[in-house]
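There are 2 protein chains.
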Amino acid sequence: MSFSFKLLGDHTAFGPRRGRITTSHGTIETPVFMPVGTQATVKTLSPEELRAVGAQIILGNTYHLYLRPGAELVREAGGLHSFMSWDRPILTDSGGFQVFSLAKLRKISEEGVSFRSHLDGSLHFLTPERVMAIENALGADIIMCFDECIPYPADYAYARNSTALTTRWARRCQQAHGRLEEQALFGIVQGGMYADLRRESAASLVELDFPGYAIGGLSVGEPKELMLEMLEAAVPELPVDKPRYLMGVGSLDYVVEAIDRGVDMFDCVLPTRLARHGTALTASGRLVVKNAEYARDFSPLDAACDCNVCQTFTRAYIRHLFAAREILGLRLVSYHNLYFMLKVMSEIRQAIDVGQFAEIKKKYSSYR
Amino acid sequence: MSFSFKLLGDHTAFGPRRGRITTSHGTIETPVFMPVGTQATVKTLSPEELRAVGAQIILGNTYHLYLRPGAELVREAGGLHSFMSWDRPILTDSGGFQVFSLAKLRKISEEGVSFRSHLDGSLHFLTPERVMAIENALGADIIMCFDECIPYPADYAYARNSTALTTRWARRCQQAHGRLEEQALFGIVQGGMYADLRRESAASLVELDFPGYAIGGLSVGEPKELMLEMLEAAVPELPVDKPRYLMGVGSLDYVVEAIDRGVDMFDCVLPTRLARHGTALTASGRLVVKNAEYARDFSPLDAACDCNVCQTFTRAYIRHLFAAREILGLRLVSYHNLYFMLKVMSEIRQAIDVGQFAEIKKKYSSYR
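Read top to bottom, the protein sequences are chains A and B. So that you can map any letter, position 141 of the first sequence is 141 in this note's numbering, and since no number is skipped, the others follow by simple counting. So that you can map any letter, position 86 of the second sequence is 86 in this note's numbering, and since no number is skipped, the others follow by simple counting.
Looking at chain A on its own, in the form it has when it is part of the complex (with noise of 0.2 Å):
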């Protein structure tokens, strides 16, 4: 199998560590971060402006490309690479979450999810092994067991049953998935907010032994301790020779505690949403350029940051931007936010290499 995750240097059980995921697209250097390519493009940027801001891995959507434009056209094209032209690798999630937060009518069985489409209203039906096909045809490099978000807040009867029939549909995952030389399957690990369930979920994954495990159905409105209490639940339960990835979650003063919890891997709209929203990551904080405050700053968005954006552009040519409705404004800051978003993540990886992880935990755990 293509596919190897080592750890490097020192680390605890489940600390802060650096790790190193190979695959037949390239290596991956963890703690990583992987910006959302949600219908096979990260919004507003190039394949050439993914690699030249740092991205080491990309994430495709499922439940999207599934609907829209199809996987059989994507594998027609020679798969997920091929189609959108970027040649690092990819990770696929099992459209569970989409399936939850975007599609209509759901009914949830033993058998799979029937739901209608946000885009046609369409009525669809997925299963284990129909989603399993799906990202076979999508051929990324990671791909995710589909399994079922629980809603927050949850009774506990329904977050048990949910979270059995997520592990159910693990075991089918796996006997269903068609290509298990080229693609890593990961389990995820579910249990809403319940710290036995979450412990008792991931034990039964570590059973059906994954090449990697995922801690979904977080980050839904809870708040931050209850999230961490339920890392602390999970991730002891998790082999330390295996990879842990935090879905949908991105904000800084998340990852950083989940690092310092194990986790190596995390995915997020938000830099890139915040930008299209007009909002930058900088040094110090979050900065709504958009605003009239900066219409007459001939400053960086962050002064602190040597990205060809920061290099390039002012404040106030890009406030400009957003006023009039211009689309290189969303580009501009979406790709100064992913610049930042994957620096940190490299200065964190720097950190841990060093032992001196608490101190950039300390630095960025209040970031807003």
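Treat the hints with caution; some may be incorrect.
Said to hold, decoys possible - With a straight-line cut-off of 20 Å between C-alpha atoms, the simulated EDC-like cross-links for lysine to aspartate or glutamate are:
no. : chain 1 : residue 1 : chain 2 : residue 2
1   : B       : 343       : B       : 253
2   : A       : 43        : B       : 49
3   : B       : 363       : B       : 253
4   : B       : 343       : B       : 260
5   : A       : 242       : A       : 10
6   : A       : 363       : A       : 225
7   : B       : 107       : B       : 120
8   : B       : 6         : B       : 209
9   : B       : 363       : B       : 225
10  : B       : 343       : B       : 49
11  : B       : 43        : A       : 49
12  : A       : 290       : B       : 120
13  : B       : 290       : A       : 120
14  : A       : 6         : A       : 181
15  : B       : 343       : B       : 48
16  : A       : 290       : B       : 76
17  : A       : 242       : A       : 181
18  : B       : 290       : A       : 76
Said to hold, decoys possible - Between beta-carbon pairs, the in silico distance windows are:
no. : chain 1 : residue 1 : chain 2 : residue 2 : range
19  : B       : 78        : A       : 180       : 57 to 67 Å
20  : A       : 2         : B       : 343       : 35 to 45 Å
21  : B       : 295       : A       : 2         : 25 to 35 Å
22  : B       : 293       : A       : 119       : 13 to 23 Å
23  : B       : 325       : A       : 2         : 29 to 39 Å
24  : A       : 104       : B       : 292       : 23 to 33 Å
25  : B       : 311       : A       : 27        : 20 to 30 Å
26  : B       : 295       : A       : 29        : 29 to 39 Å
27  : A       : 365       : B       : 78        : 35 to 45 Å
28  : B       : 288       : A       : 68        : 13 to 23 Å
Source of the hints: derived by calculation from the structure; they are not laboratory data. Where is the CB? At the ideal position from N, CA and C, for every residue including glycine.
Keeping the supplied structure of chain A fixed, place chain B upon it in accordance with the hints.
Leaving out everything else, chain B in the frame of chain A:
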């Protein structure tokens, strides 16, 4: 003065010709096509990409920049070049056409034009002197006189009076121009669709001795033949050794006819506007790439094109981006269309250099 124009090689008095404009921001080989950067950005593209597609000079719209972000702000930024980070030449129009085509409740007097902004309905009054102050603040290499764009159709009396007004305004512009040494001010030939008025307009402007001359008020709905007739009336009145700029024309079938009649400069939103509507310019004509027929077409936009987009992405992918309303689609087709347009212009220049303009004119004279 930092502006000069030199004719290169053989040329007839009013036939196709090769030239070179020199400005303090670099040289421009003519005939030239100028991409339009209305609001201090060529829509969807970065300055870096504009250089990559071969843009020698771009156009900014005074009307838009005056309304937003305002000429004073651009001046504070160090001028338009600095504001938008474009270090090659820039031309600004005078706003005459936009006041005519976009503004509301326009009222024209000898003194100037009052109108309401298309953005917020606010009341404005532009005079030749005010427009010069604005264009001086914007700081483009080539600036245009404030003119009245005559509606089509217009009766003879209206066209005659309006053309005389434009000439009087041209004189006032010349007198008010505060940066004569740094910015070349072009006069604009009007005259509606009356050949004698076109000749008269050109002749009166030539008396004022501008460093270049534009032909305005064409391609406003009249038949192609009528436009060419107006060109044939105006151009012979203009000095051979000064550049001639046909405003707002960028359809290749028109461009080759105008070059054949001695025109040197063109601008048009067509390549970028078509792009944003999902239409690519290709060697075999226009291709509506957003159409369903390209959903599984894994060939490039234009097999004959060596641009970065055609080397990297397929019609199927670009079609998907349009279907999914992803910004990257707008970017890719905009990039390709400008590359295509500027490459054709380069071919045209080479053809003139070797005395084979007739062949290339034939190739593009029915381009659609």
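Verification of the supplied hints:
1. B:343 x B:253: holds, 15 Å
2. A:43 x B:49: holds, 18 Å
3. B:363 x B:253: holds, 9 Å
4. B:343 x B:260: holds, 18 Å
5. A:242 x A:10: This hinted pair holds, its Cα atoms lying about 15 Å apart.
6. A:363 x A:225: Cα-Cα ~19 Å, so holds.
7. B:107 x B:120: holds, 18 Å
8. B:6 x B:209: holds, 17 Å
9. B:363 x B:225: holds, 19 Å
10. B:343 x B:49: Distance of about 14 Å is within 20 Å: holds.
11. B:43 x A:49: holds, 18 Å
12. A:290 x B:120: Distance of about 19 Å is within 20 Å: holds.
13. B:290 x A:120: Judged against 20 Å, a Cα distance of about 19 Å means the pair holds.
14. A:6 x A:181: The hint holds at about 18 Å.
15. B:343 x B:48: holds, 17 Å
16. A:290 x B:76: Holds - the C-alpha atoms of residue 76 of chain B and residue 290 of chain A are around 19 Å apart, at most 20 Å.
17. A:242 x A:181: It holds: about 17 Å lies between the C-alpha atoms, which stays within 20 Å.
18. B:290 x A:76: Distance ~19 Å between residue 290 of chain B and residue 76 of chain A Cα, so the pair holds.
19. B:78 x A:180: 57 to 67 Å: 59 Å Cβ-Cβ, so the 57 to 67 Å window holds.
20. A:2 x B:343: 35 to 45 Å: Roughly 41 Å apart at Cβ, these two residues keep to the hinted range, so it holds.
21. B:295 x A:2: 25 to 35 Å: holds, 31 Å
22. B:293 x A:119: 13 to 23 Å: holds, 21 Å
23. B:325 x A:2: 29 to 39 Å: holds, 35 Å
24. A:104 x B:292: 23 to 33 Å: holds, 25 Å
25. B:311 x A:27: 20 to 30 Å: 26 Å Cβ-Cβ, so the 20 to 30 Å window holds.
26. B:295 x A:29: 29 to 39 Å: holds, 37 Å
27. A:365 x B:78: 35 to 45 Å: Holds, since residue 365 of chain A and residue 78 of chain B (Cβ atoms, about 40 Å apart) stay within the stated range.
28. B:288 x A:68: 13 to 23 Å: Cβ of residue 288 of chain B to Cβ of residue 68 of chain A: about 19 Å, so the range 13 to 23 Å holds.
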